[in-house]
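Below are the chains, spelled out letter by letter.
2 protein chains.
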Amino acid sequence: MIDAERFLDDLRTLRTFGATGTGVVRPSFSDVDMAARRWLHGRYADAGLDASIDGIGNVFGRSPNPGPALLIGSHSDTQPTGGWLDGAYGVIVGLEVARAIRENPDTADLAVDAVAWVDEESTYVSCLGSRSFCGLVDPVELEGAASPDGHSLADALAGADLSGEPDRWSDREYAGFLEAHIEQGPALEASGDLLGVVTAIVGARTLILRFAGQQNHAGTTPMRLRRDAGRAAIHFGHAIDQRFGELTGDRTVWTIGDIRFEPGASSIIPGRAELTLQFRDPDGDLLERFEQEVRRIATDIADATAVDITIEPDGRAIEPAAMDQRLHDALAAAAEAEAPGHWTSMPSAAVHDAMFLADRMPAGMLFVPSIGGISHDFAEDTTDDDLVRGVRTMAAAAVELAQRSMGSGLT
Amino acid sequence: MIDAERFLDDLRTLRTFGATGTGVVRPSFSDVDMAARRWLHGRYADAGLDASIDGIGNVFGRSPNPGPALLIGSHSDTQPTGGWLDGAYGVIVGLEVARAIRENPDTADLAVDAVAWVDEESTYVSCLGSRSFCGLVDPVELEGAASPDGHSLADALAGADLSGEPDRWSDREYAGFLEAHIEQGPALEASGDLLGVVTAIVGARTLILRFAGQQNHAGTTPMRLRRDAGRAAIHFGHAIDQRFGELTGDRTVWTIGDIRFEPGASSIIPGRAELTLQFRDPDGDLLERFEQEVRRIATDIADATAVDITIEPDGRAIEPAAMDQRLHDALAAAAEAEAPGHWTSMPSAAVHDAMFLADRMPAGMLFVPSIGGISHDFAEDTTDDDLVRGVRTMAAAAVELAQRSMGSGLT
Chain A
1 MIDAERFLDD
11 LRTLRTFGAT
21 GTGVVRPSFS
31 DVDMAARRWL
41 HGRYADAGLD
51 ASIDGIGNVF
61 GRSPNPGPAL
71 LIGSHSDTQP
81 TGGWLDGAYG
91 VIVGLEVARA
101 IRENPDTADL
111 AVDAVAWVDE
121 ESTYVSCLGS
131 RSFCGLVDPV
141 ELEGAASPDG
151 HSLADALAGA
161 DLSGEPDRWS
171 DREYAGFLEA
181 HIEQGPALEA
191 SGDLLGVVTA
201 IVGARTLILR
211 FAGQQNHAGT
221 TPMRLRRDAG
231 RAAIHFGHAI
241 DQRFGELTGD
251 RTVWTIGDIR
261 FEPGASSIIP
271 GRAELTLQFR
281 DPDGDLLERF
291 EQEVRRIATD
301 IADATAVDIT
311 IEPDGRAIEP
321 AAMDQRLHDA
331 LAAAAEAEAP
341 GHWTSMPSAA
351 VHDAMFLADR
361 MPAGMLFVPS
371 IGGISHDFAE
381 DTTDDDLVRG
391 VRTMAAAAVE
401 LAQRSMGSGL
411 T
Chain B
412 MIDAERFLDD
422 LRTLRTFGAT
432 GTGVVRPSFS
442 DVDMAARRWL
452 HGRYADAGLD
462 ASIDGIGNVF
472 GRSPNPGPAL
482 LIGSHSDTQP
492 TGGWLDGAYG
502 VIVGLEVARA
512 IRENPDTADL
522 AVDAVAWVDE
532 ESTYVSCLGS
542 RSFCGLVDPV
552 ELEGAASPDG
562 HSLADALAGA
572 DLSGEPDRWS
582 DREYAGFLEA
592 HIEQGPALEA
602 SGDLLGVVTA
612 IVGARTLILR
622 FAGQQNHAGT
632 TPMRLRRDAG
642 RAAIHFGHAI
652 DQRFGELTGD
662 RTVWTIGDIR
672 FEPGASSIIP
682 GRAELTLQFR
692 DPDGDLLERF
702 EQEVRRIATD
712 IADATAVDIT
722 IEPDGRAIEP
732 AAMDQRLHDA
742 LAAAAEAEAP
752 GHWTSMPSAA
762 VHDAMFLADR
772 MPAGMLFVPS
782 IGGISHDFAE
792 DTTDDDLVRG
802 VRTMAAAAVE
812 LAQRSMGSGL
822 T
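Line by line, the protein sequences give chains A and B.
Per this note's numbering, the first sequence starts with residue 1, numbered consecutively.
Per this note's numbering, the second sequence starts with residue 412, numbered consecutively.
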């Protein structure tokens, strides 16, 4: 039922909004982002869907059929220097699946809606569109919100002629949310799988560790009299690596992404050091256990080095979000039909809009491979075969789920 | 024979040239530095010494007696934000000892010269005065030499009306060089000793380690597929700490003074990292062994992490300089007389002019305590009692050595 050429044409057309070399620069509320949203609005309308742009910038194409409706989509904004598929792929999958279901007489009575969320990539506020829809934005977050170049969210909304009032998940009865996305990692390519059915979106905690010792002369201060903040930071980083390696689940990742010493000179013992430690896992209990280990290790190293260590969260902890088992199973059945023996269940290691939708309705996600695992980069790409396999799988799962929801309701 | 009040008065007068709060700002060739040099020239002349300022800015007060002469002094320039005693103390010790010996009928026939070297603190060229005197400056070093604020050495010399031509060690017969200095470290204070007789000035090697891995997404890249340059740098730093701790001599020190990750973001695996490792020891063989260990550890970590590691020296290696045993013993005998049981033999962990003089003549150094081990800081200080004990000790050793050199010659 999927029209592969039409699907790829729409995906390539969306790419033209903000195309820059092989990549795309389409930050939320920019002129090209709003132009792309108006184009999507037109494509939804052409497909016979009720098209609208809500007050926060989300574009909806709603089936005229009554709910409970299956909502399918992703975000159409990009990173500051983004790839052409991150978000865009899932948006056009939503368009094509809702369109194909609508035009096929056998499925035309199903309620399948499409959506393009705004600002998943956090130009102003991370996952602004999906979180606003779900009622998961604290108004305080919006007050001082601004882009990295200092443009306020209020100005951006006014410039895009948006009221700031989102549509809400409670306005319509929903059967669930499905999101297709490129994997943005190397796991599918490494295992030779063609599709990934997401089990959970991992949670993440980011901590800032600050080490305060005593700055001193690197020649005249004997080792035993030092309170070297840099040395303490290095010992901490090493201990974390050892200990997390022992505790880790299969999918746990941890990263010390930044570290700084002050004053940072070859002949001066660092008086201060700072590092960021981020760890992600689909299991919230394991995240909590890791954080307890961080605190224990920091205490041990502070005691051993006479360096004071403070720990502070960098932003909100992101709790893991489990995908709905029935949606997972429907996607898995469709994946087995499209790629027998060449699909896998896997967690998502990156944040997605589906994470927040999962708080309000059953949610499921489907991954297609990323070439070389590359994402958030102009070089991001996926083969046409893989892109089409994904939309076919999503369509099959959507029909199955929408048919079931007509009877019993999935919610 | 020492006039303690006169000595302390002269030391306090030198402090007024560039006094800033409790510290001193008297960088080489600045107006206050040159004014201080002209004042020293006057004080040498008042003491009956042949006073001169050579073409590079060194100030000499030479005994009219024939050599072999004992040369005593230090540097009168300061760090950008320096303490009042670093260098200045040894300069005024030289003035007072040469003056006291000259005015005492029992010692007036001894040849004891005083000196104030220029630019030990490297505003333009490290130890410029003493190294020029010793013929240990490569002319290439001088060509592009400039201060951190971009003022060229050539302009500085011209502005100070200096020819650039130094006096030379070979112009006169020398018996040896003695330098008094504040310790600039906490060892004397920690051991309760009042004087330190220097055995050797430590050598130092500074290496820059560069780690090149693969930048990637900190969520989607599994641990086993990472080539994390930051993680390799942390493991390297930890391994160095473990291994150097096993190999170390009593006086070895090592410092990772700076470290940087690129791009340095909490959600990105560092693709590149860089750190500086400096290690110092009085034993040149041990320095060489440490460097071999650095290379071995880097190879092991590169193999284990698939991160490329390159090693490059940061500037010239500084070879350790042994002090002359006879000068050490004369200072030790005088220290035992001034502070029975409360002095120690020790290496100097910091670079001094005596390091270069040691290439050309017997050299010796005497340390007095630094309060709290603090130096290169406005808070640098030493008690009057300790300052006076140092000049008395130096005078006694100088008389002993100068008397001996009149007969046999020490060189």
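No lab work stands behind these hints, which were simulated from the structure alone.
Wrong hints could be hidden among the right ones.
[As the list claims (entries may be wrong)] Some residues of chain B that are not near chain A, with every Cβ distance over 12 angstroms (derived):
(1) 414
(2) 475
(3) 513
(4) 565
(5) 637
(6) 649
(7) 652
(8) 706
(9) 753
[As the list claims (entries may be wrong)] Label pairs and their calculated CB-CB ranges:
(10) A/300 with B/491: 34 to 42 angstroms
(11) A/155 with B/442: 50 to 58 angstroms
(12) B/456 with A/303: 43 to 51 angstroms
(13) B/601 with A/308: 47 to 55 angstroms
(14) A/12 with B/723: 45 to 53 angstroms
(15) B/621 with A/379: 48 to 56 angstroms
(16) B/723 with A/225: 54 to 62 angstroms
(17) A/296 with B/703: 30 to 38 angstroms
(18) A/144 with B/559: 34 to 42 angstroms
[What the hints assert, rightly or not] Covered, in the sense of this in silico footprint (three residues per stretch, anywhere, with C-beta under 8 angstroms from a C-beta of chain B), are these stretches of chain A:
(19) 199–206
(20) 249–261
(21) 275–284
From the three backbone atoms N, C-alpha and C, an ideal C-beta is built for every residue, glycine too.
Against the structure, the hints come out as follows:
1. In this structure residue 414 of chain B is separated from chain A by more than 12 angstroms, as the shortest Cβ-Cβ distance comes to about 31 angstroms.
2. Chain A leaves residue 475 of chain B outside its interface by the beta-carbon criterion, the shortest separation being 38 angstroms against a cut-off of 12 angstroms.
3. For residue 513 of chain B, the shortest C-beta to C-beta distance to chain A comes to about 34 angstroms, beyond the 12 angstroms cut-off, and the non-interface label holds.
4. Listed as a non-interface residue, residue 565 of chain B keeps its Cβ farther than 12 angstroms from every Cβ of chain A; the least gap is roughly 27 angstroms.
5. Annotated as non-interface, residue 637 of chain B brings its C-beta within 12 angstroms of a C-beta of chain A; the closest such distance is 8 angstroms.
6. A beta-carbon of chain A is positioned within 12 angstroms of the beta-carbon of residue 649 of chain B; the least distance is around 4 angstroms.
7. The Cβ of residue 652 of chain B does not lie farther than 12 angstroms from every Cβ of chain A; its closest approach is about 7 angstroms, which violates its non-interface assignment.
8. Every CB of chain A lies more than 12 angstroms from the CB of residue 706 of chain B, the least distance being 18 angstroms, so the non-interface label holds.
9. Distance check on residue 753 of chain B: its Cβ is at least 19 angstroms (rounded) from any Cβ of chain A, clearing the 12 angstroms threshold; non-interface status holds.
10. At about 39 angstroms, the CB distance of residue 300 of chain A to residue 491 of chain B agrees with the hint of 34 to 42 angstroms.
11. For the pair residue 155 of chain A and residue 442 of chain B, the supplied restraint of 50 to 58 angstroms holds, since their beta-carbon distance comes to about 53 angstroms.
12. For the pair residue 456 of chain B and residue 303 of chain A, the beta carbons lie near 60 angstroms from each other, so the given range of 43 to 51 angstroms is not met.
13. Restraint check, residue 601 of chain B to residue 308 of chain A: a C-beta distance of roughly 22 angstroms breaks the suggested window 47 to 55 angstroms.
14. Between residue 12 of chain A and residue 723 of chain B the beta carbons are some 47 angstroms apart, a value that agrees with the proposed interval 45 to 53 angstroms.
15. Distance hint for residue 621 of chain B and residue 379 of chain A: a CB-CB separation of about 24 angstroms, inconsistent with the stated range 48 to 56 angstroms.
16. For residue 723 of chain B and residue 225 of chain A, the Cβ-Cβ distance of about 30 angstroms falls outside the hinted range of 54 to 62 angstroms, so the restraint is violated.
17. Checked against the hint of 30 to 38 angstroms, the pair residue 296 of chain A and residue 703 of chain B passes, with Cβ atoms roughly 36 angstroms apart.
18. At about 39 angstroms, the beta-carbon gap between residue 144 of chain A and residue 559 of chain B stays in the expected band of 34 to 42 angstroms.
19. For the stretch 199–206 of chain A, the assignment as covered by chain B holds, since 3 residues bring a beta-carbon within under 8 angstroms of that chain's beta-carbons and 3 suffice.
20. Closer than 8 angstroms: that is the beta-carbon criterion, and the stretch 249–261 of chain A has 11 residues meeting it against chain B, so the requirement of 3 holds.
21. Coverage of the stretch 275–284 of chain A by chain B holds. Counting CB-CB distances below 8 angstroms, 3 residues qualify, and the rule asks for three or more.
Hints 5, 6, 7, 12, 13, 15 and 16 from the list above are not met by this structure, while the remaining hints are.
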